[in-house]
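Visitor: Protein chains in written order, with this note's numbering: chain S, 1 to 197; chain V, 198 to 755.
Since the hints were made in silico from the structure, they are not lab data. Heads up, the beta-carbon is just placed ideally off N, CA and C, and yes, glycines get one too. It is possible that some hints are incorrect.
Unchecked claim - Between beta-carbon pairs, the in silico distance windows are:
1. V:M379 <-> S:G53: 44 to 52 Å
2. V:I662 <-> S:D68: 49 to 57 Å
3. S:N64 <-> V:V242: 52 to 60 Å
4. V:Y416 <-> S:Y191: 20 to 28 Å
5. V:N342 <-> S:P65: 38 to 46 Å
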Amino acid sequence: MSDTTPTLASGQAQRPRAQLVATGFACAATSMMMAGALGLYMARRHASGPHPGHDWLDGLAVPNPQFDYALLTLVASMVTAHWALWASRRRDTAHAWTAIATTLVLGLGFINMVMYSLNRMGLEIGAGEYQNLAFATTGLALAVVVVGLLYLGLMGLRSLGGSVGQQGSTAFGAAVFFWDFAALVWAVTWYTVYVVK
Amino acid sequence: MSENTTASTSPGVPVEDPTPFGWLTTADHKRTGRLFIVSSLLFLVLGAVFDFLVRLDLTSATDFVSLGVDSFAQGFAFSREALTLLFLIPVFLGLSMYIVPLQIGASNLAFPRAATASFWTWQISAIVLIGAYLGNGGPYGGWANGVDLHLLALSGLVVALLLGAISVATTIMTMRSPGLYMDETPPFTWSSLVSASMLIVSLPVLLGQIAILYIDHRYGRVFLLGNYGIWERIDWIHRTPQLFIYIVPVLGVAAEVVLAAARRRVFEPLAMYFTIGLVGLFGFGAWTNFAITGEGADIIDGVEGVVLVALYGGALLGTVGLLGLLGLAVIQNRKLPKLSTSLISAFGAGTLVLLGAFVGLLGAAGDWLEIAGRGNDGNPQLRMTTWVTGQQSVLIYGAGLLGLLAALHWWAPKIWGRQLNELLGLLNFLVIGAGALLAFIGPTVSGLVTEQPDFVYADPSATAIYADWVDDSGAEGLSAIGAAGVAILLAGVALLLLNLFVSVGLKKGVQATDDPWGAQSPEWMLSSPPPMGEPDELPTLTSGTPLLDSAEAEEVPV
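Starting from the given sequences, assemble the full structure and let the hints guide the process.
Guide: Put into structure tokens, the structure is as follows:
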């Protein structure tokens with residue numbers, strides 16, 4: 001090493017925002033993934049017949065109330081996730097644990113409700129063009145939600161398990177940010193596939 | 198491989214396992230980078246061999262001489278995938294993983310284990326991809342499960358490359374030495390950030406499409422109608438303007454080498470960052486490419502032509518701007534820089550990026566303005582002909598491979614502790630340059646003169662018809678020029694591997710000093726190669742050219 005060069009102490013600390021920045025990049029990537037899938041969905045919809053969004057449903061009825069409740073559940077989980085983040089920043093472990101657990105339960109409830117809605121709708125894979133496209137796009141959006149749930153749970157455990165501090169809160173904040181994003185992904189997918197159809 | 202095995206003893210810093218098993222679980226960006234570089238070079242050979250076989254088939258099209266009618270389409274698809282997803286993207290990603298932390302004064306990548314995971318995911322996916330093709334899968338394959346396997350492998354490759362790109366981009370954004378601002382980073386680091394960011398926002402589009410293609414192909418084949426619809430929907434990642442994103446790091450390499458040789462800073466650093474960024478930005482054209490969806494073509498019909506002209510024009514403008522800035526730096530020095538393999542390869546690579554952008558602009562303008570009836574009366578648009586193959590050749594083989602040659606000669610001391618043989622390197626430049634130009638000229642002229650289709654997006658019977666057409670059109674001779682170019686190029690790759698084997702593997706290369714080139718950027722302040730594991734000491738950087746700063750400070754009379 002050059003003599004003229006001043007040096008830092010060893011083990012240069014990773015800047016705390018690295019995880020937040022990486023999560024931002026992951027969100028950008030996920031946005032483009034959904035844009036690719038929904039873009040193809042919309043292109044096929046455009047080509048589906050004289051009445052796009054109607055012809056290719058072939059008698060399928062979308063259970064709107066169930067999907068609405070699912071979305072509301074997801075919105076509620078966003079609120080509890082931010083509650084958990086707020087509590088973790090205040091080092092209020094009891095509140096943080098309660099809020100994280102509630103968020104995870106609501107997240108699981110959301111997935112259960114979507115699965116129920118799809119069953120009620122009778123969406124059968126391979127039965128038609130809409131079915132296949134809806135299955136693929138919904139599957140991708142659900143995968144994003146599941147990843148968000150795992151990320152939230154893992155970061156919640158990591159930040160609260162041993163150290164509730166600024167560093168831990170930043171990592172948990174990144175997970176909450178991704179959870180908000182996952183909710184947005186679901187909202188856009190739901191609107192495109194089950195409202196606009 | 199030459200390697201200093203001094204592991205860090207700092208608390209909290211992972212100690213590297215020096216045994217071969219350590220390569221599996223490494224958390225050292227230098228090992229991960231080397232793994233990517235060496236593996237990509239081997240996959241390059243595979244991709245180029247298949248490209249050669251495809252072109253060879255077209256030299257005697259009546260009776261396909263190598264792959265045959267049944268396998269031609271699969272060979273075509275595989276060669277494209279191998280050259281981009283298995284070579285061009287990962288090799289520069291690996292180089293970024295190795296060099297970037299050294300250039301910004303970071304101890305490691307932001308997520309070193311994620312980077313290692315990205316390598317092994319990429320490697321396993323690559324093997325599965327090859328297995329799918331061997332089992333008669335892949336686009337146009339006859340084994341349905343193999344077609345699905347190919348799609349899964351493709352998504353594995355994309356996820357792996359995204360993981361690596363996120364790791365590199367996050368490192369640059371968050372782990373720069375305190376005081377090293379973004380507008381002071383070395384050009385290769387900046388180009389790595391541009392390329393990684395653009396990969397992050399372009400490759401996932403493919404992932405979303407693959408999900409739909411997989412579901413439809415596996416269940417019902419409702420709109421794909423067999424597996425023939427797959428290739429036309431995924432082909433955009435192997436074409437321009439998307440290819441510009443992959444070769445952005447080449448511009449960074451060129452800037453590093455030329456500025457060091459000129460012993461000058463660039464005239465206006467922000468302009469350099471802007472021009473490199475421009476090439477990456479205008480390479481982001483996935484959504485405009487006609488091949489994203491056949492169905493979507495009519496939605497963007499009418500604006501597509503002008504958008505493509507703008508994209509190629511932007512890429513051309515960026516390249517011209519960068520080369521102009523580098524030329525100014527050389528002129529400012531008032532004496533010719535010492536010629537070396539890295540310098541002439543960097544110059545060649547930059548020029549070929551320019552050529553690729555120019556050819557792209559010509560083709561897009563010709564199609565848009567319907568010059569010579571393009572797109573009318575049965576005349577195919579140039580972007581439907583082998584004009585596109587020519588662009589791919591000049592960018593992947595020309596700019597990509599010459600850029601890699603420059604980078605390996607330049608950074609071999611830092612990567613392996615040895616300098617590569619210069620004489621072999623100069624010969625290598627000539628061989629690769631000649632091969633790339635022939636591989637470019639054959640299909641480009643063929644696309645222009647004979648209107649040879651780039652490929653027929655249909656079933657094997659269409660491939661046979663295509664073969665008859667090639668016979669009648671006189672495209673055979675031009676295909677032979679392209680095939681000869683790829684054959685020469687393969688010889689060039691063999692020379693490069695030989696040079697690496699002799700200079701590094703057999704340790705015949707000159708043992709490198711810390712800074713054998715009199716370079717500028719921070720990595721040359723470290724030992725060659727830097728110790729394995731995380732360093733005990735890191736330079737405090739306030740500039741991307743600390744060595745030049747020191748040299749200038751010594752020259753100033755007191």
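Visitor: Now, for every hint given, state plainly whether the structure supports it.
Guide: Cross-check of the supplied hints:
1. V:M379 <-> S:G53: 44 to 52 Å: holds, 45 Å
2. V:I662 <-> S:D68: 49 to 57 Å: Holds, at about 53 Å.
3. S:N64 <-> V:V242: 52 to 60 Å: holds, 56 Å
4. V:Y416 <-> S:Y191: 20 to 28 Å: Cβ of Y416 (chain V) to Cβ of Y191 (chain S): about 25 Å, so the range 20 to 28 Å holds.
5. V:N342 <-> S:P65: 38 to 46 Å: holds, 40 Å
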